[in-house]
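Q: As you go down the protein sequences, you meet chains A and B in turn. Okay, so the first sequence: first residue is 296 according to the numbering used here, each after it adds one. Okay, so the second sequence: first residue is 17 according to the numbering used here, each after it adds one.
These are computed hints drawn from the structure, not numbers from a lab. Each hint should be verified, as a subset may be incorrect.
[To be verified] Beta-carbon label-pair distances, calculated as ranges:
| id | chain 1 | residue 1 | chain 2 | residue 2 | range |
| --- | --- | --- | --- | --- | --- |
| 1 | B | A200 | A | E498 | 32 to 40 Å |
| 2 | B | V216 | A | A499 | 37 to 45 Å |
| 3 | A | R369 | B | A200 | 24 to 32 Å |
| 4 | A | P314 | B | G237 | 37 to 45 Å |
| 5 | A | G559 | B | A200 | 53 to 61 Å |
| 6 | B | L126 | A | E599 | 54 to 62 Å |
[Unchecked claim] Not everything, but these chain B residues come out facing chain A in the computed CB check (under 7 Å):
| id | residue |
| --- | --- |
| 7 | G123 |
| 8 | D187 |
| 9 | H206 |
We put the beta carbon where it would ideally sit given N, CA and C, even for glycine.
What follows is the residue order along each chain.
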Amino acid sequence: MALLSMRGVHVVVDTAEGPRTLVRLSELELAEGEMLGLVGETGSGKTLTGLAVTRVFPTPSIRLQGGSIELGGRDLAGLGERELLAVRGREVGVVFQDPNASLNPVFPVGRPLMDLLGLHRSLRGQAAVAEAVRLFQRVELPDAAALLSRYPHELSGGQRQRVMIAMAIAAGPKLLVADEPTTALDVTVQAELLRLLDDLRREAGMSVLFITHNLGVVAHMVERVAIMYAGDVVETGPTRAVLKEPRHPYTRLLLEAVPRQGQGRLKAIAGTAVPRSEIAQGCAFASRCPFAQDRCRAIEPALEGPGVHRAACLRQEEVLHV
Amino acid sequence: MGRTLRFYVRRNLMTSIGLCVLAVFVLTAILAPWIAPYPGDAAGLVHPAHQLLPPSWQHPMGTDELGRDLFSLVLLGSRVSLGGGFVTIVFALLIGVTLGLIAGYAGGWLDEAIMRFTDIVLGFPSLLLAVAIAATLGPSLDHAVLAMALSWWPWYTRLIRSQVLSLRNADFVQAARLSGRSPARILVRHILPNAVTPVVVQASMDLGSVILTLAGLSFLGLGAQPPTPEWGLIIANGQNYVLTNWWYVTFPGLAILLAVSALNLVGDGLNDVLNRRERGVL
Numbered sequence: 296m297a298l299l300s301m302r303g304v305h306v307v308v309d310t311a312e313g314p315r316t317l318v319r320l321s322e323l324e325l326a327e328g329e330m331l332g333l334v335g336e337t338g339s340g341k342t343l344t345g346l347a348v349t350r351v352f353p354t355p356s357i358r359l360q361g362g363s364i365e366l367g368g369r370d371l372a373g374l375g376e377r378e379l380l381a382v383r384g385r386e387v388g389v390v391f392q393d394p395n396a397s398l399n400p401v402f403p404v405g406r407p408l409m410d411l412l413g414l415h416r417s418l419r420g421q422a423a424v425a426e427a428v429r430l431f432q433r434v435e436l437p438d439a440a441a442l443l444s445r446y447p448h449e450l451s452g453g454q455r456q457r458v459m460i461a462m463a464i465a466a467g468p469k470l471l472v473a474d475e476p477t478t479a480l481d482v483t484v485q486a487e488l489l490r491l492l493d494d495l496r497r498e499a500g501m502s503v504l505f506i507t508h509n510l511g512v513v514a515h516m517v518e519r520v521a522i523m524y525a526g527d528v529v530e531t532g533p534t535r536a537v538l539k540e541p542r543h544p545y546t547r548l549l550l551e552a553v554p555r556q557g558q559g560r561l562k563a564i565a566g567t568a569v570p571r572s573e574i575a576q577g578c579a580f581a582s583r584c585p586f587a588q589d590r591c592r593a594i595e596p597a598l599e600g601p602g603v604h605r606a607a608c609l610r611q612e613e614v615l616h617v
Numbered sequence: 017m018g019r020t021l022r023f024y025v026r027r028n029l030m031t032s033i034g035l036c037v038l039a040v041f042v043l044t045a046i047l048a049p050w051i052a053p054y055p056g057d058a059a060g061l062v063h064p065a066h067q068l069l070p071p072s073w074q075h076p077m078g079t080d081e082l083g084r085d086l087f088s089l090v091l092l093g094s095r096v097s098l099g100g101g102f103v104t105i106v107f108a109l110l111i112g113v114t115l116g117l118i119a120g121y122a123g124g125w126l127d128e129a130i131m132r133f134t135d136i137v138l139g140f141p142s143l144l145l146a147v148a149i150a151a152t153l154g155p156s157l158d159h160a161v162l163a164m165a166l167s168w169w170p171w172y173t174r175l176i177r178s179q180v181l182s183l184r185n186a187d188f189v190q191a192a193r194l195s196g197r198s199p200a201r202i203l204v205r206h207i208l209p210n211a212v213t214p215v216v217v218q219a220s221m222d223l224g225s226v227i228l229t230l231a232g233l234s235f236l237g238l239g240a241q242p243p244t245p246e247w248g249l250i251i252a253n254g255q256n257y258v259l260t261n262w263w264y265v266t267f268p269g270l271a272i273l274l275a276v277s278a279l280n281l282v283g284d285g286l287n288d289v290l291n292r293r294e295r296g297v298l
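Extracted from the complex, chain A is given alone in its bound form (with noise of 0.2 Å):
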């Protein structure tokens, strides 16, 4: 049974000359307790999949257009705006990309923590304090009881993610969307922080979107992979599968993209990404792909193959075997 099933969600932002498709994403299913890898470029789409959940999106004119994301069998997307406020940090929690912004530089750190402990959990006073010095010890952080009343500028990079890791657990999410929580950190900090993820999750038996664009991350920490292109799932299996023998012709590119020791030159993937929104018809990749027929550019692939390992891709066969 997925926790998590997101079909047809479509993310749109209003512009003068109409709205303009961000996200249209054919499906996107997350089992309970699962650690799902959503891997993409910047711009494709995989940050607002993330958010479009809670629909809470970086500015007012982005939002959500359609579909339908099914969180535990209820169907957030025809939730008003006040009954997603009891999902938002109760049942879903979000870790951001960026701990040094993403904490109000006006209060001590345990100060927001121990306000969501009361929002959602009804904590409050000493409670408050005992059950916020327990979290921050959860999520390992030196010295928890005098953390709670420092202020964000006197705690590192690592410290303050481990802040917001311990936000985003506190009132015991079912689903937990880590938006590349580790790629503003050092590379020493980032394997304890991602260790410490899987732990929570195991622990807890939450289920983790864990959002990246580093294909070395995916491949040491997710059971299963969504590759994102232009706002779609291109190619979805477990994650060794799609790794090892990728069906889609920009997985491929990917990894073939990925730097290697004792590689000369570094590889590109010829082209730019091209905005969904001016796609007419046809593959969204067709553009840049080095696979592209003229029924590729006619035809829009929907996710198929053998079994779980899919791929949105008309010639998936050819690829695979090249």
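Chain B: place on chain A using the hints.
A: Frame of chain A; chain B shown alone:
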């Protein structure tokens, strides 16, 4: 922050002087009924035998044409003038900050509507509004305060709105939204504390101008009415005696000058401290 503030004030002479003078004014305003030698004079007592006496030990600032002690009037008048200015600024802040927060955060048509209304009020001469209110509701200090507050708030709306616009999409605001906070609470708890600094500085500097304008309105007969001991009103009464009895307008005038100057010095100092802190210099 308390320690850095003290440190800065010690280094900055002008701010310290302003603060001291202001402290004296605030103290005398609070204690006026007890330290004024003739508190009854402000309540309407007249002493025809003592009219227009020059400054002496009995009457440090002399007396007026009704024999009232000017020192007592100026002391008690500081309550009216400082208090009136303070209340005006508080009302203007309440209106201005609220509208600015809403305009900046809501955006869209609501923002447009609030800001165009703000422009209209800004374009409306405040003196005309004061005259209109005095004409319809009758002249009094309360109505002058009302008129001032109603014409002063747009500056705060604009300031707050611009701050909110730059904070609205900050990650920590997004984080607060993602943790299930209502918009009202996000505005008050997360955006306001980060947006309030320039408004506090502006308000502290405005206080001087507002006190001056209120005194001006009273001088014109649109503000405080006799026998209220208001500085502008005392000067208005004394204008016939400028050439013959110099002390009558000089001392209330000096009180206005000192109070407004002190407020400006403090406002400047506050600006330095808070902006330096923002730039990370201190």
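Q: Which constraints among the numbered hints does this structure fail? Numbers only, ascending.
A: Going through the list in order, the structure violates hints 4, 6 and respects the others.
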